[in-house]
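**Student:** Just need the whole structure built from these sequences, with the hints factored in.
Residue strings, one per chain:
There are 2 protein chains.
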Amino acid sequence: MTIQETAAWLKDHDCYLILTHKRPDGDTIGSAAALCRGLRNMGKTAHICPGTGETHLFTPYLEGLLAPEDYQPDTVVSVDIAAKGLFTQAGQPCLERGIDLAIDHHPSQEFFAKETCLDAGRAACGEIVYEILKELGQITAEIALPLYVAVSTDCGCFQYGNTTADTHRVAAALMDTGLDIFPLNKRHFRTKTWARLQVERLITERMHRYEEGKIAVAPVSLSLLDEAGATEEDMEDIAAFLGQIEGVETSITIRELKEGGCKLSVRTSGGLNATQVCAILGGGGHAAAAGCTVNGTMEQAEQAILDAIKQVEGHA
Amino acid sequence: MTIQETAAWLKDHDCYLILTHKRPDGDTIGSAAALCRGLRNMGKTAHICPGTGETHLFTPYLEGLLAPEDYQPDTVVSVDIAAKGLFTQAGQPCLERGIDLAIDHHPSQEFFAKETCLDAGRAACGEIVYEILKELGQITAEIALPLYVAVSTDCGCFQYGNTTADTHRVAAALMDTGLDIFPLNKRHFRTKTWARLQVERLITERMHRYEEGKIAVAPVSLSLLDEAGATEEDMEDIAAFLGQIEGVETSITIRELKEGGCKLSVRTSGGLNATQVCAILGGGGHAAAAGCTVNGTMEQAEQAILDAIKQVEGHA
Numbered sequence: 001m002t003i004q005e006t007a008a009w010l011k012d013h014d015c016y017l018i019l020t021h022k023r024p025d026g027d028t029i030g031s032a033a034a035l036c037r038g039l040r041n042m043g044k045t046a047h048i049c050p051g052t053g054e055t056h057l058f059t060p061y062l063e064g065l066l067a068p069e070d071y072q073p074d075t076v077v078s079v080d081i082a083a084k085g086l087f088t089q090a091g092q093p094c095l096e097r098g099i100d101l102a103i104d105h106h107p108s109q110e111f112f113a114k115e116t117c118l119d120a121g122r123a124a125c126g127e128i129v130y131e132i133l134k135e136l137g138q139i140t141a142e143i144a145l146p147l148y149v150a151v152s153t154d155c156g157c158f159q160y161g162n163t164t165a166d167t168h169r170v171a172a173a174l175m176d177t178g179l180d181i182f183p184l185n186k187r188h189f190r191t192k193t194w195a196r197l198q199v200e201r202l203i204t205e206r207m208h209r210y211e212e213g214k215i216a217v218a219p220v221s222l223s224l225l226d227e228a229g230a231t232e233e234d235m236e237d238i239a240a241f242l243g244q245i246e247g248v249e250t251s252i253t254i255r256e257l258k259e260g261g262c263k264l265s266v267r268t269s270g271g272l273n274a275t276q277v278c279a280i281l282g283g284g285g286h287a288a289a290a291g292c293t294v295n296g297t298m299e300q301a302e303q304a305i306l307d308a309i310k311q312v313e314g315h316a
Numbered sequence: 317m318t319i320q321e322t323a324a325w326l327k328d329h330d331c332y333l334i335l336t337h338k339r340p341d342g343d344t345i346g347s348a349a350a351l352c353r354g355l356r357n358m359g360k361t362a363h364i365c366p367g368t369g370e371t372h373l374f375t376p377y378l379e380g381l382l383a384p385e386d387y388q389p390d391t392v393v394s395v396d397i398a399a400k401g402l403f404t405q406a407g408q409p410c411l412e413r414g415i416d417l418a419i420d421h422h423p424s425q426e427f428f429a430k431e432t433c434l435d436a437g438r439a440a441c442g443e444i445v446y447e448i449l450k451e452l453g454q455i456t457a458e459i460a461l462p463l464y465v466a467v468s469t470d471c472g473c474f475q476y477g478n479t480t481a482d483t484h485r486v487a488a489a490l491m492d493t494g495l496d497i498f499p500l501n502k503r504h505f506r507t508k509t510w511a512r513l514q515v516e517r518l519i520t521e522r523m524h525r526y527e528e529g530k531i532a533v534a535p536v537s538l539s540l541l542d543e544a545g546a547t548e549e550d551m552e553d554i555a556a557f558l559g560q561i562e563g564v565e566t567s568i569t570i571r572e573l574k575e576g577g578c579k580l581s582v583r584t585s586g587g588l589n590a591t592q593v594c595a596i597l598g599g600g601g602h603a604a605a606a607g608c609t610v611n612g613t614m615e616q617a618e619q620a621i622l623d624a625i626k627q628v629e630g631h632a
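One line per chain: the protein sequences are P and Y, in this order.
For the first sequence, position 63 (counting from the first letter as 1) is numbered 63 according to this note's numbering, and the numbering increases by one without interruption.
Quick note: to get this note's numbering, add 316 to the position in the second sequence (first position is 1).
I should point out that these hints are in silico values taken from the structure, not numbers from a laboratory.
It should be emphasised that the depicted structure is a prediction, and the values quoted were computed from it without experimental measurement.
Do not take every clue at face value.
[Unchecked claim] Derived BS3-like pairs (lysine-lysine); straight-line CA-CA distance at most 25 Å: (1) Y/Lys-508 - P/Lys-186; (2) Y/Lys-530 - P/Lys-186; (3) P/Lys-192 - Y/Lys-508; (4) Y/Lys-502 - P/Lys-214; (5) P/Lys-192 - Y/Lys-530; (6) P/Lys-214 - Y/Lys-530; (7) Y/Lys-502 - P/Lys-192; (8) Y/Lys-338 - Y/Lys-400; (9) P/Lys-186 - Y/Lys-502.
[As the list claims (entries may be wrong)] Computed list of chain Y residues with no C-beta within reach of chain P, every gap over 10 Å: (10) Leu-381; (11) Lys-400; (12) Gly-401; (13) Leu-452; (14) Lys-502; (15) Leu-540; (16) Glu-543; (17) Lys-574; (18) Asn-589; (19) Met-614.
[To be verified] Restraint-style ranges between C-beta atoms, simulated for each label pair: (20) Y/Ile-596 - P/Gly-261: 49 to 59 Å; (21) Y/Leu-538 - P/Gly-161: 37 to 47 Å; (22) Y/Glu-528 - P/Ala-287: 38 to 48 Å; (23) P/Thr-59 - Y/Ala-406: 51 to 61 Å; (24) Y/Glu-629 - P/Gln-72: 48 to 58 Å; (25) Y/Glu-552 - P/Leu-257: 49 to 59 Å; (26) P/Phe-182 - Y/Glu-629: 21 to 31 Å; (27) Y/Met-358 - P/Tyr-160: 46 to 56 Å; (28) Y/Arg-506 - P/Thr-59: 19 to 29 Å; (29) Y/Thr-609 - P/Phe-182: 23 to 33 Å.
C-beta atoms are modelled at their ideal positions from N, C-alpha and C, and glycine is treated no differently.
**Tutor:** Structure, rendered in structure tokens:
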């Protein structure tokens, strides 16, 4: 459905339950919160499905919006969910019942819903929710806040390559409502936990560099996490940490697993294809970001991935 | 002068020399480069004054635009220069001759020029240059590039509090020319030198925390810089490094000086007034960012600034 069709469809329905994806990020939570508030402002009943594994960073945006336990929705809408496998545990009954509308921006959208509003050219699902709510005349400062969180977090505060002129135009329109973006930007882009800082210190101390610094490897052992006092939340996007170093073209993060073995994440910005490298070790992903699992010690995993890189470079 | 008046004025003059401020940043260099290209596209003769102490980050944007040694301009324009004291050594003769036009966004503009185009509500001088060049019909992709550098670097890639809806609107218009922002964002916002990373590691290792982590102090000794292999360029905005730590409200960077003594930089995000604190030690600045110099060792400087904070807090 187009933006206009989706807006009309939302007017025609009621008793909404909005679903976010598992391991939720700013885009799915912000899109859900904005849509929920917009629908309520239109006089509709609308709630967000709880139990999405909220993080302390995004949970505040859901305040007052979560569905009561006995809520029986008539209309189920998913936001920013590309595939059936990405529904939360709490969302499983809805998946069995059937999703009425999916609003999404992923090119990999599986079209699991009866109706779909998809624009794969958008940096964030929040941009699409913005266009729908604008069509419905619902862009207030209260709604602009979660939409700004959705849009800005999915494009790294306008730094990533997915940022378009439209992304900036949406941000401008949201700021026109009087929204104060500074505390949001400080919270989401300019704040590090103490534990995260220690993780970065320890990685800087212990990383290995090869090929004149073009390849950087960060061995992240369980004891490193212990020493830093870090939880999984502190490790968010740690694979990007090495990629920012001047001259690094291939960055590899090796995470030691509790159950034994290692999980590797490979990011490339030069000519090397990360998927080809990880495929040799049974993994996969995109050309610029891929992953794989290696049974063995961290040293063995490091040797295995370096060998895989040599093999791919040898064929190039 | 208004944007329209400035555009008309630029049409009426010729043989331009454009001046940037000393210790140049992305805004002054990007604004100068865009203005120079725009004037040349209009058939004017235009050059940028060389010898501004270019940095390796911004020098490439000046390529082909610097004035030949014997160039005699008819019209001198300064961009992003608020005060006479901020002219470069190479710009001094122009200052004596007289500046014809100043284009600027600083509230502290000293009105040293015959004509001034000032908009203190703009995050970057580049936004004003954009409006002028748009008026003149000169926004090409080639001009959008330095303008994007100017605008994005002065607002921390749309993260700082000076970012407005207009800032985003300018960014959108620049991207509409087909400009690829990703390599620019990677260069200016997502790249750290190896030495900078070592500086951050050593600061993390050696910082002191007080009042349950609300105050953080980074002692940056000359030996720390040696150990990290850092130059002044690697230390850019290092005072912001501590401020990003969760819970830190007051961050203090103490730089040991070659000539003896220490330079202190104080940043606050809580209720404390940084200028009041630094004034006690003979310094000054803004409420949220101030500085001072202390004669003595780094330990003495640290004690002095902690005492000054206590004194200000005691009076609050």
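**Student:** Evaluate each hint against the coordinates.
**Tutor:** Here's how the hints hold up against the structure:
Distance restraint check for Y/Lys-508 and P/Lys-186: the Cα-Cα separation of roughly 20 Å lies within the 25 Å cut-off, and the hinted pair is therefore satisfied. Distance hint between Y/Lys-530 and P/Lys-186 is fulfilled; the C-alpha atoms sit about 16 Å from each other, no more than 25 Å. Between P/Lys-192 and Y/Lys-508 the CA atoms are separated by roughly 17 Å; this keeps the pair inside 25 Å, and the hint holds. Pair hint Y/Lys-502 plus P/Lys-214 holds up; C-alpha atoms about 16 Å apart against a cutoff of 25 Å.
For the proposed pair P/Lys-192 and Y/Lys-530, the alpha carbon gap of about 14 Å is at most 25 Å, so the pair holds. A hinted pair counts as satisfied when its Cα atoms are at most 25 Å apart, and P/Lys-214 with Y/Lys-530 does not qualify at roughly 38 Å. For the given pair, Y/Lys-502 sits about 20 Å from P/Lys-192 by alpha-carbon distance, which is consistent with the 25 Å threshold. Between Y/Lys-338 and Y/Lys-400 the CA atoms are separated by roughly 11 Å; this keeps the pair inside 25 Å, and the hint holds.
Note on P/Lys-186 and Y/Lys-502: the hinted pairing holds, with a Cα-Cα distance of about 20 Å set against a maximum of 25 Å. A cut-off of 10 Å between C-beta atoms confirms that Y/Leu-381 is not in contact with chain P; the least separation is 25 Å. At roughly 32 Å from the closest C-beta of chain P, the C-beta of Y/Lys-400 stays outside 10 Å, upholding its exclusion from the interface. For Y/Gly-401, the requirement that its beta carbon stay farther than 10 Å from each beta carbon of chain P is met, with the minimum near 29 Å.
Even its closest Cβ contact with chain P, about 21 Å, leaves Y/Leu-452 beyond 10 Å, as expected for a residue assigned away from the interface. With a least beta-carbon separation of about 8 Å from chain P, Y/Lys-502 fails to lie farther than 10 Å from that chain, contradicting its non-interface assignment. The beta carbon of Y/Leu-540 sits about 14 Å from the closest Cβ of chain P, which is more than 10 Å, so the claim that it is off the interface holds. Every CB of chain P is more than 10 Å from the CB of Y/Glu-543 (nearest about 13 Å), matching its label as outside the interface.
At roughly 26 Å, the least C-beta separation between Y/Lys-574 and chain P is larger than 10 Å, which holds for a residue marked as non-interface. For Y/Asn-589, the condition that its CB be more than 10 Å from all CB atoms of chain P holds, with the nearest at approximately 19 Å. Interface exclusion of Y/Met-614 from chain P stands, the closest Cβ pair being 21 Å apart, more than 10 Å. Look at Y/Ile-596 against P/Gly-261: about 58 Å separates their beta carbons, and that is inside 49 to 59 Å.
Distance hint check: the CB atoms of Y/Leu-538 and P/Gly-161 are about 40 Å apart, consistent with the given range 37 to 47 Å. Hint check: Y/Glu-528 to P/Ala-287, Cβ distance near 46 Å, so the stated range 38 to 48 Å holds. Remark: the range hint 51 to 61 Å for P/Thr-59 to Y/Ala-406 is upheld by a beta-carbon distance near 55 Å. At roughly 55 Å, the beta-carbon separation of Y/Glu-629 and P/Gln-72 lies within the given 48 to 58 Å, and the hint holds.
At about 38 Å, the CB distance of Y/Glu-552 to P/Leu-257 disagrees with the hint of 49 to 59 Å. Between P/Phe-182 and Y/Glu-629 the CB atoms are about 25 Å apart, so this pair conforms to the stated range of 21 to 31 Å. Take Y/Met-358 and P/Tyr-160: their Cβ atoms lie about 35 Å apart, and the range 46 to 56 Å is violated. In this structure, Y/Arg-506 and P/Thr-59 meet the distance hint of 19 to 29 Å, their C-beta atoms being roughly 28 Å apart.
Between Y/Thr-609 and P/Phe-182 the beta carbons are some 30 Å apart, a value that agrees with the proposed interval 23 to 33 Å.
The structure does not agree with the numbered hints 6, 14, 25, 27 stated previously, though it agrees with the rest.
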